[in-house]
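The listed protein sequences correspond, in order, to chains A and B. For what it's worth, our numbering labels the leading residue of the first sequence as 1, then goes sequentially. For what it's worth, our numbering labels the leading residue of the second sequence as 1001, then goes sequentially.
Note that these hints are calculated values from the structure, not bench results. Misleading hints may appear alongside valid ones.
As the list claims (entries may be wrong) - Below, a list of computed lysine to any residue pairs in the SDA-like style, where the Cα atoms sit at most 25 Å apart:
hint: 1; chain 1: B; residue 1: Lys1120; chain 2: A; residue 2: Arg355
hint: 2; chain 1: B; residue 1: Lys1143; chain 2: A; residue 2: Ala339
hint: 3; chain 1: B; residue 1: Lys1143; chain 2: B; residue 2: Leu1223
hint: 4; chain 1: B; residue 1: Lys1137; chain 2: A; residue 2: Leu364
hint: 5; chain 1: A; residue 1: Lys428; chain 2: A; residue 2: Asp204
hint: 6; chain 1: B; residue 1: Lys1137; chain 2: A; residue 2: Arg361
hint: 7; chain 1: A; residue 1: Lys456; chain 2: B; residue 2: Gly1195
hint: 8; chain 1: B; residue 1: Lys1143; chain 2: A; residue 2: Leu451
hint: 9; chain 1: B; residue 1: Lys1143; chain 2: A; residue 2: Leu364
hint: 10; chain 1: B; residue 1: Lys1143; chain 2: A; residue 2: Pro369
hint: 11; chain 1: B; residue 1: Lys1143; chain 2: A; residue 2: Arg355
hint: 12; chain 1: B; residue 1: Lys1143; chain 2: A; residue 2: Arg361
hint: 13; chain 1: B; residue 1: Lys1137; chain 2: A; residue 2: Ser343
hint: 14; chain 1: A; residue 1: Lys456; chain 2: B; residue 2: Gly1192
hint: 15; chain 1: B; residue 1: Lys1137; chain 2: A; residue 2: Asp346
Chain by chain, the residues:
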Amino acid sequence: MHTSVIVVAILVLTALGYRLGRRRSVALVGGPRGTRNLHSLPSYYGFLTALWCALPALGVLGAWHLLDERVIVGAVLAELPPDMQHLPADQQGLLLNDVRNVVSGSLPAAEARPEVQSAAREWRRLQSLSNAAGASLALCLGLAGGALAWRRISPELRARNGVERVVEIALALCSMIAILTTIGIILSVLYEALNFFRVVPLTDFIFGTTWSPQMAMRADQVGSSGAFGAVPLFTGTLLISLIAMAIAVPIGLFSAICLAEYADRRLRAVIKPLLEVLAGIPTVVYGFFAALTVGPLLRSAGQFAGLEVASESALSAGFVMGIMIIPFVSSLADDMITAVPQSLRDGAYALGATRSETIRRVVLPAALPGIVGGVLLAVSRAIGETMIVVMAAGLAAKLTFNPLEAVTTVTVQIVTLLIGDNEFNSPKTLSAFALGLVLFVATLLLNIIALKIVRKYREQYE
Amino acid sequence: MSTEIAPTDPNVRIRVPRARVAAAADDSQPGSKIETKTVGQVTVADAVMTARRVNVHYGEKHAVKDVSLDIGRNAVIALIGPSGCGKSTFLRCLNRMNDTIDSARVDGSITLDGVDIYEKRQDVVQLRARVGMVFQKPNPFPKSIYENIAYGPRIHGLAANRAELDEVVQTSLAKAGLWEEVKDRLDHPGTGLSGGQQQRLCIARAIAVDPEVILMDEPCSALDPIATARIEDLIDELRQNYAIVIVTHNMQQAARVSQRTAYFHLGELVEVGATNQIFTNPRHRLTEDYITGRFG
Ligand SMILES: Nc1ncnc2c1ncn2[C@@H]1O[C@H](COP(=O)(O)OP(=O)(O)OP(=O)(O)O)[C@@H](O)[C@H]1O
Ligand SMILES: [Mg+2]
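Only chain A is shown next, with the shape it has when bound in the complex:
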């Protein structure tokens, strides 16, 4: 029997369990009028019965499928001729692979060796046996669990508490998934980064000023120094982020002020969604825009002014990134400005302050912590941004603060380090993880600080 059939069967059983459990609870107290004598609403008794049907059965089914392959492999190996039982591990793996392919049908049985053919037959036999056993066990458990729960139903049974407990656990599991994923990411990046730092000292990485990750494959190869000084990447990231913030902060802030203080409701209803559309544009599209429109434009403008502008420059990438980030700044700043109580504005107006005086002297100072939080969030977004920079800022790891030159960033280097065929444990590849770790720590810190500030501010008026 196919697994999906079993799952459907269990679900049908579950639905049945719900109906029966519910009906029994109502019957126990003598019909719908007596339900006030029940501890919980009848549907909770139904849910409890259903859960007892579904959870053990599905759990066992899942566990069975996770584990049965090992048992089958062991049994198949034991059936092989004695000379094939004691092969080295890698040859054994190849043999098993052949068997597996024959079983799945991707290798025609006729082409395989006779031992493999017989092993495959054995495998199929065991597999169907195991499937049948697993299915029956699951169904039996479902029935038994449901029946047990159904029998236990009594007016005093605290069905609601039981169901709520299960729901609570389910919710906790879901939130755990997010947390565990984060921890998993940190650990894997940390592990690889530590491998890297075993080859390249931490101080070289953090303070070195040359980034040239090509390693010599052979001893006589030239031009591949393998220098891992990340300072040019840090400065490149910093430069581009600074340019982006120089664009995004004033424009975002001013548009937030305009939206929150000056725009009437109709204008606001149009402008706010439009601004937020900016955040929804895929970054690749921004990258095109930066590389194909802004870059050449800046270059010809530079020529006109007698400046040497590289066609891939920090300025064009930073400029476009700044445009992209505007909505982050503006929508958070807008929230913060509207959160300033009207009574403060009234207080200022009543003293004869004009609108702009009120905004400058009362509203903005009151909203400032929140705005700073929003800006920090935007910064961490800028630091992590990759696509625009790959397309518009170039790959040259140059240690410069000249915005007209090509620079590269941490994220871009991670991408280029991992693209193409690489030896996985060469320092070149591992350095990507070290860079990733730096990036992760930096943005994490920024985010924590930003959220702290924003939260502190939110509490202030409540």
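Given chain A's structure and the hints, the job is docking chain B with the ligands onto it.
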């Protein structure tokens, strides 16, 4: 910040320049005929502000109906009446705070020292410097105590230098009866004061721009009886220099602090008169019902 400021010189007063125009209409004289349904004398001899046939609409809602009333110099007038009868709305007309509400429309004429404040040329900034306001809930700015007071004088350029500003801050706090309590912590945030202190801070803030009229909308409703008593004493002292309009739900408070009382009902000004007459011998039945507790 220096807290050792020279003792206040009562002669130093900073005045907002103002145009004094002789009261033109003779209807501001007592005894003259004013078309009004209000019982009692709506005019006074020495009026600093006059309101004539003021109507306020919030969109469709007619919140203040045909109200005519004079605000006398160096006197306290109390506005009383059941909730939603338009007291706050009328009060907010007097310094054009209704301008900040989009749906509000004000008709009729209101003058300050004989000049129509709703005229096109009238600058609301100057108007609000001359007609200050204190709100129901204390609303100090999230700045230091000093900055809270200095804010108004700064935006109106009332102090030429830091010493003058210090002087204004001290005098205002002293008049509001707060100086002794806060003189050692002028740089602490104003929001850190107690509710009653915050309200006195707001009064000091209003006084600091040296207005002629102070509007107070239920200034004590968020305060305990002791803080309330302090503010009532303060209002009585402030009467020496300012005209005060106070909205209150507290009959005893109206009786204690005001010289005149105006009773509003469903947007109309039903009766106005000397406070002791209103509370001992009301002439309109609605007024009587209200102050004897049969209404509202
Ligand atoms: N911003 C506004 N928009 C629309 N209607 C308003 C607005 N403010 C007040 N109103 C309405 O105008 C009427 C008068 O309100 P107002 O606030 O002046 O009453 P009030 O006498 O001050 O009441 P309270 O004693 O409860 O403060 C009320 O019916 C109220 O619903
Ligand atoms: Mg009111």
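A quick look at each hint next to the structure:
A distance of roughly 18 Å separates the Cα atoms of B:Lys1120 and A:Arg355; the hinted pair therefore holds under the 25 Å criterion. At roughly 17 Å between alpha-carbon atoms, B:Lys1143 and A:Ala339 fall within 25 Å of each other, so this suggested pair holds. Proximity of B:Lys1143 to B:Leu1223 is assessed by CA-CA distance (about 22 Å); at most 25 Å being required, the pair is judged to hold. A hinted pair counts as satisfied when its Cα atoms are at most 25 Å apart, and B:Lys1137 with A:Leu364 qualifies at roughly 21 Å.
At roughly 14 Å between alpha-carbon atoms, A:Lys428 and A:Asp204 fall within 25 Å of each other, so this suggested pair holds. A hinted pair counts as satisfied when its Cα atoms are at most 25 Å apart, and B:Lys1137 with A:Arg361 qualifies at roughly 21 Å. This hinted pair checks out: A:Lys456 and B:Gly1195 have alpha carbons roughly 22 Å apart, not beyond 25 Å. At most 25 Å may separate the alpha-carbon atoms for a hinted pair to count; B:Lys1143 and A:Leu451 meet this at roughly 23 Å.
The straight-line distance between the Cα atoms of B:Lys1143 and A:Leu364 is roughly 12 Å, inside the 25 Å bound, and the hint therefore holds. A hinted pair counts as satisfied when its Cα atoms are at most 25 Å apart, and B:Lys1143 with A:Pro369 qualifies at roughly 13 Å. Annotation: proposed proximity of B:Lys1143 to A:Arg355 holds, straight-line Cα distance about 18 Å (limit 25 Å). About 10 Å separates the Cα atoms of B:Lys1143 and A:Arg361, which keeps this hinted pair within 25 Å; it holds.
For the hint pairing B:Lys1137 with A:Ser343, the CA-to-CA distance comes to about 8 Å; that is within 25 Å, so the pair holds. Our distance criterion of 25 Å between C-alpha atoms is met by A:Lys456 and B:Gly1192, whose separation comes to about 16 Å. Among the hinted pairs, B:Lys1137 with A:Asp346 is consistent with the structure: their alpha-carbon atoms are about 11 Å apart, no more than 25 Å.
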